[in-house]
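Number of protein chains: 2
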Amino acid sequence: MRHETPSDSDDSGLPSGDWGLGSGDSYHMSPEDFRRYGHEVVDWVADYLAGVGDRPVLPGVEPGEIRAMLPDAPPDYPEPFDAVLADLDRVVMPGITHWQSPGWFGYFPANSSPPSILGELVSAGLGVQGMLWSTSPAATELEHVVADWLVDLLGLPHEWKTTGPGGGVIQMSASDSTHTALVVAREHAEGDVERMVAYASEQAHSSIEKGSRVAGYGHTRFIPVDDRYAMRPEALKVAVEADLAAGLLPVAVVSAVGTTGTTAVDPVRAIGEIARSHGLWHHVDAAYAGTAMICPEYRHYQAGLDLVDSYTFNPHKWMFTNFDCSLFYVADRRPLIEALSILPPYLRNKASESGRVIDYRDWHVPLGRRFRALKLWFVLRAYGAEGIRHHVREHMALATDLASRIDAHPDLELVAPVPFGLVSFRHILGDDATDALAAGVNASGWAYVTPSVIDGRHFVRVSIGQTTTTAAHVARLWELIETTVRRT
Amino acid sequence: MRHETPSDSDDSGLPSGDWGLGSGDSYHMSPEDFRRYGHEVVDWVADYLAGVGDRPVLPGVEPGEIRAMLPDAPPDYPEPFDAVLADLDRVVMPGITHWQSPGWFGYFPANSSPPSILGELVSAGLGVQGMLWSTSPAATELEHVVADWLVDLLGLPHEWKTTGPGGGVIQMSASDSTHTALVVAREHAEGDVERMVAYASEQAHSSIEKGSRVAGYGHTRFIPVDDRYAMRPEALKVAVEADLAAGLLPVAVVSAVGTTGTTAVDPVRAIGEIARSHGLWHHVDAAYAGTAMICPEYRHYQAGLDLVDSYTFNPHKWMFTNFDCSLFYVADRRPLIEALSILPPYLRNKASESGRVIDYRDWHVPLGRRFRALKLWFVLRAYGAEGIRHHVREHMALATDLASRIDAHPDLELVAPVPFGLVSFRHILGDDATDALAAGVNASGWAYVTPSVIDGRHFVRVSIGQTTTTAAHVARLWELIETTVRRT
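Chains as they are written, first to last, in my numbering: chain B, 1 to 488; chain S, 1001 to 1488.
Derived DEER-like restraints, expressed as beta-carbon distance ranges:
(1) B/H158 <-> S/E1338: 38 to 46 Å
(2) B/E297 <-> S/E1079: 23 to 31 Å
(3) B/D192 <-> S/K1350: 40 to 48 Å
(4) B/V453 <-> S/G1164: 28 to 36 Å
(5) S/A1245 <-> B/V453: 49 to 57 Å
(6) S/G1060 <-> B/I337: 23 to 31 Å
(7) B/S26 <-> S/R1486: 29 to 37 Å
These are computed hints drawn from the structure, not numbers from a lab.
Where is the CB? At the ideal position from N, CA and C, for every residue including glycine.
Okay, chain B solo, but in the shape it has when bound (with noise of 0.2 Å):
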């Protein structure tokens, strides 16, 4: 049903009628410009991907440098694109931490990679909001289509698949999935929302304590971990039966399948057992380490998921996808949609009520949604599962070798085992030498490295998984460790 319309130019032969306007003087900049200046942006980008290694990864501004090369006021006229360009060079780029740097080896990755830097560019341009399935049906389904794909692609319960009772569903964040899982475990339960308690490892994430807090939780238990870091589901049981018995109301647990601080892997069945036993919405927050179950001699990590109630993990972090892609998966999702559901007059449509579609606006807080599932299809197609694989793959290796070389190292020490891509040491001298250490890294400028405490101890993370990191970023990181070591 395509329909013969003009387009909109001064010959455009529509009716003007007496608007008391004319087509008038416009400020928009044309499509015509808009793919001078978008091939200009395209090599600048290209010129920035090819570069990035050479740039020192931390920017060396102080706080308030950027914002004193910027005018109080914005600018009362259009300003010419080339002086906005030039000022992203003057401006931001001296402020710019380079994540995608290959010798990113901070906090986590939070990686791009170019199908994916296009899949944005195409999803701003169509400039569609997803909200329900009817304002874009193309943006619902594929988001279905990718959020199955990966159902099958980390080896989830084939229950979590949108064709079956469950299904995924692409949010912001981790933080995000977390306490919607938290609000959807409060609204099942019942009784005083300030006796209800939220329980994850002493290890779990800040999104944990701050999603409790956010959805109103009276209480957050932080339960013990063992010598690895992983949460003791005894002690989660003896925490439990005590909040029982002090009349309070145990409602939610969240295992960490890669732990923040140093990828503990918390027993995920055990834990699911006491969730299901006591009624406990059981979560897993797999936001980094999800992406390792793509490969299948990882997927042990995460065994027990049939006792799972929801599960998140963040294509942007580790599967070359960039910020924002979160999957947030639920078992079933009647009770996710029957928390979030509001239906105002303007929202219904026909679709919606036949039950035919899901409206993706009632699986999270935020109504409207933009089109991300386009950048992720765009990965998985342009990598292919091996290729994901390849690279998720040689990263571990690099860890597992670089874990190696320091276990052998007479002055450094691992402070927890290396599942993943993450490597926590620290210098057997205490706290001044690792943070030496740690300094002396960044202070090389291609490289940085994350300084981090556990139990009171100061330790260095050197997370491998940045889109482009090799095995020869990873030498010369160890090359510099070992003189930055010796020179301490």
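Could you slot chain S onto chain B? The hints should help.
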């Protein structure tokens, strides 16, 4: 402090060591291929923008049709990127609802513009994650700059600047902003959340009810409206006092400046006075109409902002900045940060501890965040204040004209005042004739209007505000309305 480091290539000269891995296969698209495909995608987007007015606004697909065109399983091996781009046309485009068509009169707009698309592209290319000032100082400081610019552009109180006690932050959606405001209000108050009450008008957006429910408030009260669909402040006062007498805790009230149903304007000052006298948090939802405040002649609609605690408006609706980009302002940032700050060891850093920087992770639920200020900066500079004013005024003038024509038409009647760009009207013969009118317009293919309901009666929402909508398009819409009325 630029460092010489070789780029990531086989003859890099980097130490390779004996890592058990050669430089090996790579499944990454090279920067040069990115350049080539990037030019292709830019051309594709330019063609889309030039021709979107020629496409039927609504896709003609049934539930499941898009999905049926895609394989059930992801590819094992990389697919040629040309094949991916071909599927964009073959599979995705038939399921796109064209929000960027100049014939888009549905919902509120979700505008894009060429400078915004280019900003999104740069942001994806840089791939920074701005959770902390230190994880990309430019991302945080540019966000301060554009948020502060908008304080002046919209005539908001100066105290809301980041240089003052308040500040602005970009969130994903007004739903997120409102939810955040309600959480901060809840934490700021004392007592059981089950006894807490949030207030908004009967015409408030669904996100208020959803935000209140998600934040765990025991009660949400919908306050009656006057004949212009604006909240009756005396009814708010009665409700608050009744709740207090019943032992409940009035905690927050949301004023709408431009409701979603009919863009009604609640009396901000009168509501603010009641809020102040009863210690309620006062949040203003100007998600759509906030953009109009760039024209000083509209600011009387938001008089009373000195009695407001938080405010949200969405550049991604009407300010030519693509989704997502929702500004959230607070008059005082301390209760916000107190409610949402959690600081684990891996996020500690010198800049944050100096107290000289703002870490936006403490300003919303998610921890991670992408560099959304960039596209807004591109838009504000490429249009200038006058450029935005010109187009927004043109949209509002077109709405006023259309409203006059409807008012003068014997078979049509307005159902609400037209303060901004939304025209709400119905057929005098009732719901069936009104539905037929909306259906007739939408069946044309080139225009889309939203059927809705108010006071139990059906009406048609015509929202004039898509980036490229001009007088000619509204003239054509009017012709279509007149023709359709004659036929029914």
